[in-house]
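Q: Chain residues, written in single-letter form:
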Amino acid sequence: MTIAMPRSNPLSEVLAVAGNEFRQFRRNRTAIIISLVVLPLFFTVALGAGRGGAGTRFSSTSQVPIAFVDDDLSTASGQLWQTLINSGDFHHLVQGYREENAIAALGTGRLYAAIIVPQGFQGKLANNETATVILYVDDGQPRIADEIASTLRKHLRDFNLNPELKSAQRRGIAEIQTIEKGAFFSGFLTGLPIVLGVVQIFAAFYEIAGGMSKEREEGTYARLLLSSIGQGTVMLGKTLYDLILSTVRTLVVLGLAVFAFGARPHTDLGTLLAISLLLALVTAGFGFFVSSLGVGTRAIVIVEFFLVLVLIAFSGFAVDIELMVGASKTLSSLLPWTYGFDALRRTTLLGQPLLSLSDDLLVIAVAVVAFYVAAYFNFGLSRERLLT
Amino acid sequence: MNGFVQDLTAVAFKEVKHLRRDPISLGLTIIFPILLIGLFINVFGALNAPSHNIAVAVADLDGSQASRILIDKLFTSSKIRVTELLQTEEQALELVGSGKVAGVVVIPKGFGEALLTRGQAFVVVQTDNSRSSLAALIKGAVDTAEQELLQSPVVGLGDKTGSVEVVLRPISGRPSTPDSILPGFLGMIALLGAFDDIVNAISRERERGTFPRLLLSPVSIFSVYTGKIFATVLLTVLRTSLMLVILVLTGLAIRGSIVLVYLTTSLIAVFTLSVGLVISSRVRSSSTLTILEIAMTLPLFMLAGTVASPESLASGGRIIARMLPWTYGNEALRRVIYLGLGFNAIAVDLLVLFLSTLVLLPVATMLSKRTM
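Quick note, the sequences are listed as chains A and B, same order.
First residue of the first sequence? That's 1 in this note's numbering, and the numbers climb one at a time after it.
First residue of the second sequence? That's 1001 in this note's numbering, and the numbers climb one at a time after it.
The hints are simulated quantities; they were obtained by calculation from the structure and are not laboratory data.
Any given hint could turn out to be false.
Said to hold, decoys possible - Below, computed lysine to aspartate or glutamate pairings styled on DMTMM-like, alpha-carbon distance capped at 25 Å: (1) B:K1139 with A:E175; (2) A:K124 with B:D1143; (3) B:K1109 with A:E180; (4) B:K1073 with A:D89; (5) A:K181 with B:D1143; (6) B:K1100 with A:D146; (7) A:K124 with B:E1148; (8) A:K154 with B:D1143; (9) A:K181 with B:E1207; (10) A:K329 with B:E1207; (11) B:K1100 with A:E175; (12) B:K1073 with B:E1089; (13) A:K214 with B:E1148; (14) B:K1073 with A:D359; (15) B:K1073 with A:D268; (16) B:K1100 with A:D359; (17) B:K1109 with B:D1143; (18) A:K181 with B:E1094; (19) B:K1139 with A:D268; (20) B:K1139 with A:D71; (21) A:K124 with B:E1165; (22) B:K1100 with A:E180; (23) A:K181 with B:E1089; (24) A:K154 with B:E1207; (25) A:K214 with B:E1207; (26) B:K1369 with A:E322; (27) A:K181 with B:E1113; (28) A:K154 with B:E1165; (29) A:K329 with B:E1084; (30) A:K181 with B:D1022; (31) A:K154 with B:E1148; (32) B:K1109 with A:E175; (33) B:K1139 with A:D359; (34) A:K154 with B:E1094.
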């Protein structure tokens, strides 16, 4: 005689699995703090600290101590000093150094560059010749040399000599002015889509893949398989749990960004939330897929680290995809997260509506289905092995 | 004293043996540096490539000889690829908005005439500024094309302007490359390695239940912790050696004293170990501890001066960077490896690392001991 177990409806089973996840989560204070506080806080504050608030103009060279050595002592060199000081990019120009002392101070941390205006600077400009400014830089500091040089070149390109000199200089000379158009975005706002995405990916992968592997190691997964709840229901329940946590994380990041750093995303909360959750969903699918391969918790942590590093390099947030070539470009176009970051960027910065991003959304949706289906079949195989 | 040294050595070798038996940790020790350098080459190789293929559209509203020459110059640019020639500004702006091109160049009506009669003209460059590196590259390509047009004998505008040239002189005398980031990566490898060591030495030992057995052996608790620190120093020396080989293979000449490099990475590792001990006293699970440490490490790439100088951060970031002892470690590594400076130049950096460890390590050990 067989006794048929009464089956509850699938929705209540999904809710039961999600409820069980939340009960476990509530008992683990460390997990709550890491998932909902530490991760959003670390990344958002690091962005704000590095790039300044959204309302402020961020210049990577503005606070760098730079010596200005004027060996010409002319009207033109004085005007150059004024141009640089007024530019907003060189607030920390220091006068009074002799050339040799300034060079000696480089590499010590007191000065990071020295701008030398040599004798004859004004004379050359007045004669329509190319005048030279020498820039000594402490190139032991990453990227600072290039940033100071390119900012200095930008201001010198637009350097306007005083009217008397200018009239002499301009005789018979043609010039083309470039008018730059396009929205201006603060460094913080440019980084916000990255932070939103990374926080979701980082947390969602560990919550799903780590959670499944932990259950397998503790033996509770085998017990779950022996219950009347199906594999699909388990996956949906865990997904629901993770999406709720992801919603809270998105709100924490956006709350910090808006209220602490003054960010004003060019889209509505619903759109940002939808894309963040799609990123969390595709990561959860990948998490299910990795854990369906039967790997342990330690391996999950390692995969997570590699995933984040690969995304940093190839998903378009450290370097624009258009600049990649060969295998890097191919890999980048195969990663569904690339499209998620693109969608976040287009909505947060450019204010494009969600439905105009159909290509990005389609790729993410296909990836979600592919990961979930692959994980479902893999789990099915391991279930058969477990039960036979 | 002899007994203490023997105990310490025994504990240290036990830790190293553990690593030898753990192929994952051993593999990571080798793979992490290679992976990091590989990513560095990918990212900075793409940014500093001699040519790019950035899609740009051009709207020529003028149709003059000058505008055609300018378009020719844009077509031959190594940085951009003109994908479409358009008739109206609206069409061009629509293309940027849709993301099909990263920027558009609009040559307004009357461009050629203004250039020939008044000697002054303008073009409009509209870029998708959400992709900042692309916008800068497009602007640079347009500037170059404009200069080439002005010097073009066909149009006859070729007088040389009285411009200002910047001559760049790096104090290291090295060519301008992004290699100055590499010493910071060595610092991060020391940091990541030490975090992994703390997971192996404390959290996993706690999970396996082997730590109480260690305490029941005739080895003092002081020897146990000193042995674990010693093991981390040994492993850091190994990781540093591997990383130095990789750096040399990537073409970076190491100018300063190798001993100072080992000393700095060891100090970074011991300080990191102290931080790890404090965290592990609150976070018991080894996998959670690893996740937390990775989450901490990623912002440190920016805040501890690894990929960008602390001086180039916003004011809040500079304050945080100066409070992090890892920043001083990275600076010391750069001064020694990249600039070839000696002990005097990094004495303050090493002192900060040493004092931070001296303050934190006893507290960390006490906290950790309590949880065992």
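Q: Hint by hint, say whether it matches the structure.
A: Results of checking the hints against the structure:
1. B:K1139 with A:E175: 16 Å, holds
2. A:K124 with B:D1143: OK: A:K124 and B:D1143 at ~23 Å, within 25 Å.
3. B:K1109 with A:E180: 17 Å, holds
4. B:K1073 with A:D89: Distance ~31 Å between B:K1073 and A:D89 Cα, so the pair is violated.
5. A:K181 with B:D1143: Distance of about 15 Å is within 25 Å: holds.
6. B:K1100 with A:D146: Given that 25 Å is the threshold and the Cα spacing comes to 30 Å, the pair is violated.
7. A:K124 with B:E1148: 22 Å, holds
8. A:K154 with B:D1143: Holds. A:K154 to B:D1143 sits at ~11 Å (cutoff 25 Å).
9. A:K181 with B:E1207: With a Cα-Cα distance of about 59 Å, the restraint between A:K181 and B:E1207 is violated, given a limit of 25 Å.
10. A:K329 with B:E1207: 43 Å, violated
11. B:K1100 with A:E175: Given that 25 Å is the threshold and the Cα spacing comes to 31 Å, the pair is violated.
12. B:K1073 with B:E1089: With Cα atoms ~20 Å apart, B:K1073 and B:E1089 stay inside 25 Å; holds.
13. A:K214 with B:E1148: 64 Å, violated
14. B:K1073 with A:D359: 33 Å, violated
15. B:K1073 with A:D268: 42 Å, violated
16. B:K1100 with A:D359: With Cα atoms ~12 Å apart, B:K1100 and A:D359 stay inside 25 Å; holds.
17. B:K1109 with B:D1143: 19 Å, holds
18. A:K181 with B:E1094: 14 Å, holds
19. B:K1139 with A:D268: 31 Å, violated
20. B:K1139 with A:D71: With Cα atoms ~33 Å apart, B:K1139 and A:D71 exceed 25 Å; violated.
21. A:K124 with B:E1165: Satisfied, since the Cα-Cα distance of roughly 11 Å is no more than 25 Å.
22. B:K1100 with A:E180: 19 Å, holds
23. A:K181 with B:E1089: At roughly 12 Å apart (the allowed maximum being 25 Å), B:E1089 and A:K181 satisfy the hint.
24. A:K154 with B:E1207: Violated, at roughly 58 Å.
25. A:K214 with B:E1207: 14 Å, holds
26. B:K1369 with A:E322: Not satisfied, since the Cα-Cα distance of roughly 53 Å exceeds 25 Å.
27. A:K181 with B:E1113: 23 Å, holds
28. A:K154 with B:E1165: 11 Å, holds
29. A:K329 with B:E1084: At roughly 22 Å apart (the allowed maximum being 25 Å), B:E1084 and A:K329 satisfy the hint.
30. A:K181 with B:D1022: 57 Å, violated
31. A:K154 with B:E1148: Roughly 18 Å between the alpha carbons, so the hint for A:K154 and B:E1148 holds.
32. B:K1109 with A:E175: Holds - the C-alpha atoms of A:E175 and B:K1109 are around 17 Å apart, at most 25 Å.
33. B:K1139 with A:D359: 28 Å, violated
34. A:K154 with B:E1094: Violated, because 29 Å separates the two Cα atoms, which is more than 25 Å.
Going through the hint list in order, the structure does not satisfy hints 4, 6, 9, 10, 11, 13, 14, 15, 19, 20, 24, 26, 30, 33 and 34.
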